[in-house]
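Chemist: Chain by chain, the residues:
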Amino acid sequence: MKTAVVLLPGLNRDRDMIAALRTITGKKPVTVWQTETALPDVDLVVVPGGFSFGDYLRAGAIAARSPVMRAVADAAAKGVPVLGVCNGFQILCEAGLLPGALMRNAALRFVCREVKLEVVNARTRFSTAYEEGQIIRCPVAHHDGNYFADDATLKSLKDDGQIVFRYAEGTNPNGAIHDIAGIVNKAGNVLGMMPHPENLVEPEHGGTDGRGIFESLLGASTSVAA
Amino acid sequence: MIKARIIVTLKTGVLDPQGKAIESALGNLGIDGVGSVRQGKVFDVEIDGEDAAGAKTKLDAMCEQLLANTVIENYLVEIHHG
Chain W
1 MKTAVVLLPG LNRDRDMIAA LRTITGKKPV TVWQTETALP DVDLVVVPGG
51 FSFGDYLRAG AIAARSPVMR AVADAAAKGV PVLGVCNGFQ ILCEAGLLPG
101 ALMRNAALRF VCREVKLEVV NARTRFSTAY EEGQIIRCPV AHHDGNYFAD
151 DATLKSLKDD GQIVFRYAEG TNPNGAIHDI AGIVNKAGNV LGMMPHPENL
201 VEPEHGGTDG RGIFESLLGA STSVAA
Chain B
1 MIKARIIVTL KTGVLDPQGK AIESALGNLG IDGVGSVRQG KVFDVEIDGE
51 DAAGAKTKLD AMCEQLLANT VIENYLVEIH HG
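Going down the list, the sequences are from chains W and B. Be aware that the first sequence starts at 1, since it is given in this note's numbering, and climbs by one per residue. Be aware that the second sequence starts at 1, since it is given in this note's numbering, and climbs by one per residue.
If you're looking for bench data, these hints aren't it; they were derived computationally from the structure. Any given hint could turn out to be false.
Away from chain W, derived, C-beta distances all over 10 Å, residues of chain B [claimed, not checked]:
| hint | residue |
| --- | --- |
| 1 | Arg5 |
| 2 | Lys58 |
| 3 | Val71 |
| 4 | Ile72 |
Below 30 Å or equal to it, Euclidean Cα-Cα: the simulated DSSO-like pairs (lysine-lysine) are [as the list claims (entries may be wrong)]:
| hint | chain 1 | residue 1 | chain 2 | residue 2 |
| --- | --- | --- | --- | --- |
| 5 | B | Lys58 | B | Lys20 |
| 6 | B | Lys11 | B | Lys41 |
| 7 | W | Lys78 | W | Lys2 |
| 8 | B | Lys11 | W | Lys158 |
| 9 | W | Lys28 | W | Lys78 |
| 10 | B | Lys3 | B | Lys41 |
| 11 | B | Lys11 | W | Lys186 |
| 12 | W | Lys2 | W | Lys28 |
| 13 | W | Lys155 | B | Lys20 |
| 14 | B | Lys3 | B | Lys58 |
| 15 | W | Lys155 | B | Lys11 |
| 16 | B | Lys20 | W | Lys116 |
| 17 | W | Lys155 | W | Lys2 |
| 18 | W | Lys158 | W | Lys27 |
| 19 | B | Lys3 | B | Lys56 |
It should be emphasised that the depicted structure is a prediction, and the values quoted were computed from it without experimental measurement. All C-beta atoms in this analysis are idealised placements derived from N, C-alpha and C, irrespective of residue type, glycine included.
Excised from the complex, chain W in its bound form (with noise of 0.2 Å):
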């Protein structure tokens, strides 16, 4: 499986990202900085977690309207898997390929701790290599992860299948709305979630939680070449 990583200033778990799936795809992914307007041709892309440009304005504002993220754009039209991870998650949406829009934590504290995710959906290319109500461990690192949508994108999530992680057991650590913690667009190529599954991936890391996301695609990617 060939996968890209998204570069842009401000950013500091690439490197994290970067050896998840070094390790987990035997293979080192590509890097694109931000200027970039074309991807290279991949089974993946990553956009990172961080605080990209600062968080200026809204957090993933900035880094939404970067030239790079209308290549990612025209990817995921195109069915191209999208993974993006905290900050990643909050460019995705503030770029428009996910509903909806991550605010400041209701407790306004950053928050970096573990929590427990129910897995909503696993028929999800990202998540078949969970169970459906499987509960995993995943690491979150954040201050703006407060999931909000408005009811009719919310019903229209749930009818959908497209809310993928749950934060369960009571550490919502941010206060989004219906526990939500990860999520994919209508099409089901696109990813977006706080928690960082790159930081559970080895026994060294304390788990290997959230090798499962890669394993997923790992999957998908196999299974389609062959």
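Once you have looked at the hints, place chain B on chain W.
Modeler: Just chain B, lined up with the frame of chain W:
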């Protein structure tokens, strides 16, 4: 030169934890009788030329495309001539 002020506010019904925190700080200062506080943003923008209608179109476009996130925010454009 056309000078404009853009005011971006959270939509009604969208929780504003920062406004709530300010409310409680006002209470701590002994300023009572405050019904509620909602926090917003103000942008002062200068547009070249004197074409007010053209400027309004540009200002609306910048609000829709960048300055406001219309999922959660409303915006108001006020135009003041030079």
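Chemist: Could you run down the list of hints and mark each one as holding or not?
Modeler: Hints, one by one, checked against the model:
no.: 1; hint: Arg5; result: 17 Å, holds
no.: 2; hint: Lys58; result: 16 Å, holds
no.: 3; hint: Val71; result: 4 Å, violated
no.: 4; hint: Ile72; result: 5 Å, violated
no.: 5; hint: Lys58/B - Lys20/B; result: 33 Å, violated
no.: 6; hint: Lys11/B - Lys41/B; result: 13 Å, holds
no.: 7; hint: Lys78/W - Lys2/W; result: 16 Å, holds
no.: 8; hint: Lys11/B - Lys158/W; result: 23 Å, holds
no.: 9; hint: Lys28/W - Lys78/W; result: 23 Å, holds
no.: 10; hint: Lys3/B - Lys41/B; result: 17 Å, holds
no.: 11; hint: Lys11/B - Lys186/W; result: 25 Å, holds
no.: 12; hint: Lys2/W - Lys28/W; result: 8 Å, holds
no.: 13; hint: Lys155/W - Lys20/B; result: 28 Å, holds
no.: 14; hint: Lys3/B - Lys58/B; result: 12 Å, holds
no.: 15; hint: Lys155/W - Lys11/B; result: 19 Å, holds
no.: 16; hint: Lys20/B - Lys116/W; result: 28 Å, holds
no.: 17; hint: Lys155/W - Lys2/W; result: 35 Å, violated
no.: 18; hint: Lys158/W - Lys27/W; result: 35 Å, violated
no.: 19; hint: Lys3/B - Lys56/B; result: 11 Å, holds
Checked against the numbered hints above, the structure breaks hints 3, 4, 5, 17, 18 and satisfies the rest.
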